[in-house]
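**Q** Chains A and B, in that order, give the protein sequences. Residue numbers for the first sequence follow my numbering, so the first one is 1 and each next one is one higher. Residue numbers for the second sequence follow my numbering, so the first one is 1 and each next one is one higher.
Worth flagging that the hints you see were computed from the coordinates, not collected in a lab. Accuracy of the hints is not assured; some may be wrong.
[Unchecked claim] Covered stretches of chain B (chain A as the covering partner; in silico rule of three or more C-beta atoms under 8 Å from a C-beta of chain A):
1. 19-30
2. 52-58
3. 129-136
4. 141-150
5. 227-238
[Unchecked claim] Computed from the model, here is a short list of chain A residues facing chain B with C-beta under 10 Å:
6. Ser-48
7. Gln-107
8. Ser-126
9. Ala-200
10. Phe-311
Ideal placement from N, C-alpha and C gives every residue a C-beta, glycine not left out.
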Amino acid sequence: MSYSLLGRGVSRRTLMLGAAGAIAAPHVIRDAAAQGKAVNVGVILPLSGANAQFGVNSRNGIELVADEINAAGGIKSLGGARINLVVADSTSTPTTAANVAQRLLSQNDVVAILGAFASSLTIAISEVTERRGVPLLTMSFSDQITGRGFENIFQVVAKASVLGKAQFDGTLAIAAAAGQKLERIAIMYEDTAYGTSQAAGLRDGAKAAGVQIVMDDAYPLGITDVTPLINKLRGSGAQAVFPVSYLNDSLQIIRAMRQQRITIPAIGGAAGYVIPDFEKGLGEFAEGVLSISPANYDLAPELTERFRKRFGYFMVHEALEHAVCMDVLAQAMEKAKSAKPDDLRRALQGARFEGGWTKAMTGGAVQFDKTGLNTLSVPVMVQWRNKELVSVWPSEFAKAKAVWAV
Amino acid sequence: MSGLSPRQWTGLALLAALAIALPFAFEPRGYGIRILCLALLFAAMAQAWNIVAGLANQISLGHAAFFGIGAYTSTLLLIHFGITPWLGMFAAAILGGAAALLISLPTMRLRGHYFALATLAFGEVMRVIGNSWGGLTGGPVGISVPFAQPSLALMQFRETRSSYWLMLAALVVVTLVFVAIKRSRLGYRLRAIKENADAAEVIGVDTTRTKIIAAVISGALTAALGTLYAQFQFFFDPDTVFGVASVSVRMAMIAIVGGIGTAAGPILGALFVIPLEEFANQVFSAQAAGLSQLVFGLLLILVILIEPRGFMAIGPRLQRLLRKGDRR
Chain A
1 MSYSLLGRGV SRRTLMLGAA GAIAAPHVIR DAAAQGKAVN VGVILPLSGA NAQFGVNSRN
61 GIELVADEIN AAGGIKSLGG ARINLVVADS TSTPTTAANV AQRLLSQNDV VAILGAFASS
121 LTIAISEVTE RRGVPLLTMS FSDQITGRGF ENIFQVVAKA SVLGKAQFDG TLAIAAAAGQ
181 KLERIAIMYE DTAYGTSQAA GLRDGAKAAG VQIVMDDAYP LGITDVTPLI NKLRGSGAQA
241 VFPVSYLNDS LQIIRAMRQQ RITIPAIGGA AGYVIPDFEK GLGEFAEGVL SISPANYDLA
301 PELTERFRKR FGYFMVHEAL EHAVCMDVLA QAMEKAKSAK PDDLRRALQG ARFEGGWTKA
361 MTGGAVQFDK TGLNTLSVPV MVQWRNKELV SVWPSEFAKA KAVWAV
Chain B
1 MSGLSPRQWT GLALLAALAI ALPFAFEPRG YGIRILCLAL LFAAMAQAWN IVAGLANQIS
61 LGHAAFFGIG AYTSTLLLIH FGITPWLGMF AAAILGGAAA LLISLPTMRL RGHYFALATL
121 AFGEVMRVIG NSWGGLTGGP VGISVPFAQP SLALMQFRET RSSYWLMLAA LVVVTLVFVA
181 IKRSRLGYRL RAIKENADAA EVIGVDTTRT KIIAAVISGA LTAALGTLYA QFQFFFDPDT
241 VFGVASVSVR MAMIAIVGGI GTAAGPILGA LFVIPLEEFA NQVFSAQAAG LSQLVFGLLL
301 ILVILIEPRG FMAIGPRLQR LLRKGDRR
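Starting from the given sequences, assemble the full structure and let the hints guide the process.
**A** As structure tokens, then:
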């Protein structure tokens, strides 16, 4: 029998069936494994497209915590249930992000969703999770996230407006500590959605602080020659510059500045400024560059060094905050003694979470208010010092004194 | 529709019954029905694009401009004045039509690549305006349709099923408009322009005027569909609704994959492209980063290589092949 099947008898249909089975096998096996004692947690991140790198960092953070929880015996109040992460790619489009959320909810029975780095993706997902009553834990910054009165959304970091203001306040404070009065600044930003919105925030900050903007220039994304920008900066008399860019353009701008011996401080707005690639791309020129960040790994090395050990680079802030999301969700499960979305929401709303990864946040804990915002989180100013990011402001978190001019 | 035989009528009626009953085969608020909704919406969008591109061969790569105008019009009317999206949809169509008129006046004299490039630029201009005019559009952060309890008046439904029927109705309306135009005088004029614009001009067709009329109808319908999108997703940002890849090119791609210039082409195209994209995402996205997009792209290239004229050309081609086989 088997001979004839392997010989001429193999029909095209059999072959197709076999191929289809082979493709589907990993999914079937994974689903079968999940049926034991496991809680499905959805993870939606941009794993392809412009934000892919941040998405991968975030996934690493979540996987680290989930694996640690599972290794330590799972969720104890649920009889040692394992955390089973269901990871999905949101790409960079909100429509896809929402589709993926719907898929995880109806096909994978996830009890909560973590994600999705970019605010537009997170908001699109929240429109689905809110209508289905499933908690969504996020580290996206946008004010809109907890500003809509949704009941199922939890934001573990400070909002964008707070971050923007801190970027300015921190710069002023560091200048003052160095004996300088900051009066004139320059802004240059990529002409994208991200660049335009960040620049608008900086303008508001400057206005509030009574600081004069002596240069305010947009440049096209992927600019090839930054020399005119740098020449203008030199002539502007600015005391500090805010180059707004995800990554590549800021590398060019800062390299050109330093090569021309312009030593005024450059202050970034998280994103590309606080990842290892920034230092890799700039080498010695990265030294002294400042950036605001919603959290930093040097505040809790005993936790974040575990990330470095496993993945080979320091625990970037998006990985850290997503790790906190995962830990807070696990704590909520312990507390609720349930993995039902409704019970989890009740366990999260207005609650305080201490210990575990929450210690790595600036507040040392997580306290959600009525809107789902973590009220304890405050941004920190970090500075590149010898290939590492060092917290330098506000003083209660500072690990070193900031250097103003390089 | 008078040209159909009784047998074709029966077939059409059966198809309609099937389409209406289809949602009952799905989980009412599930994933499958959501993808079907998007497929129907994109089918309708590609059909609207088909009016100007398929009939007059004016390949527009800027239809996202009208789509975005529609999404923003109804949403802003709802947020600021509490106007129901049902009315907002009509306002959207009027504005979309007006925008199409405005952009058509200078560009409809252009042909081929020049027209495609001009419309592409128009879509991009709208995207930049959407991003920078924060006071009106909410800027790059995007804008949310206010959350409401399920209500027919506000076009927010408890079950995705209701959205499905809405999208289905939209597709039927746009397709009927397409068929009506194709069979009308306007349709013949458009086809005359498509075959040879100079010859059409000589026999007395006001080519520019004809093309503009088609563009205005197409733009108005696309804007109305933008409203439906806003009421389905409840959140959008300028890069999404004014996007080249996410809207403009996708509308064109769906129509081309299905069969440009035919009524069934955009529908077949959307029912293929949208589920395929989701399938690729579902199967491959947990594996290597970006793999799902790669697979999706490769499959699309394969389809176009096999039959550049789209699915609608595969049927006749198969028939020819079979006949050839008979002779042998």
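**Q** Now look at each hint and say whether the structure bears it out.
**A** Going through the hints against the structure:
no., hint, result
1, 19-30, "holds (count 3)"
2, 52-58, "violated (count 0)"
3, 129-136, "holds (count 3)"
4, 141-150, "holds (count 4)"
5, 227-238, "holds (count 6)"
6, Ser-48, "4 Å, holds"
7, Gln-107, "6 Å, holds"
8, Ser-126, "8 Å, holds"
9, Ala-200, "7 Å, holds"
10, Phe-311, "15 Å, violated"
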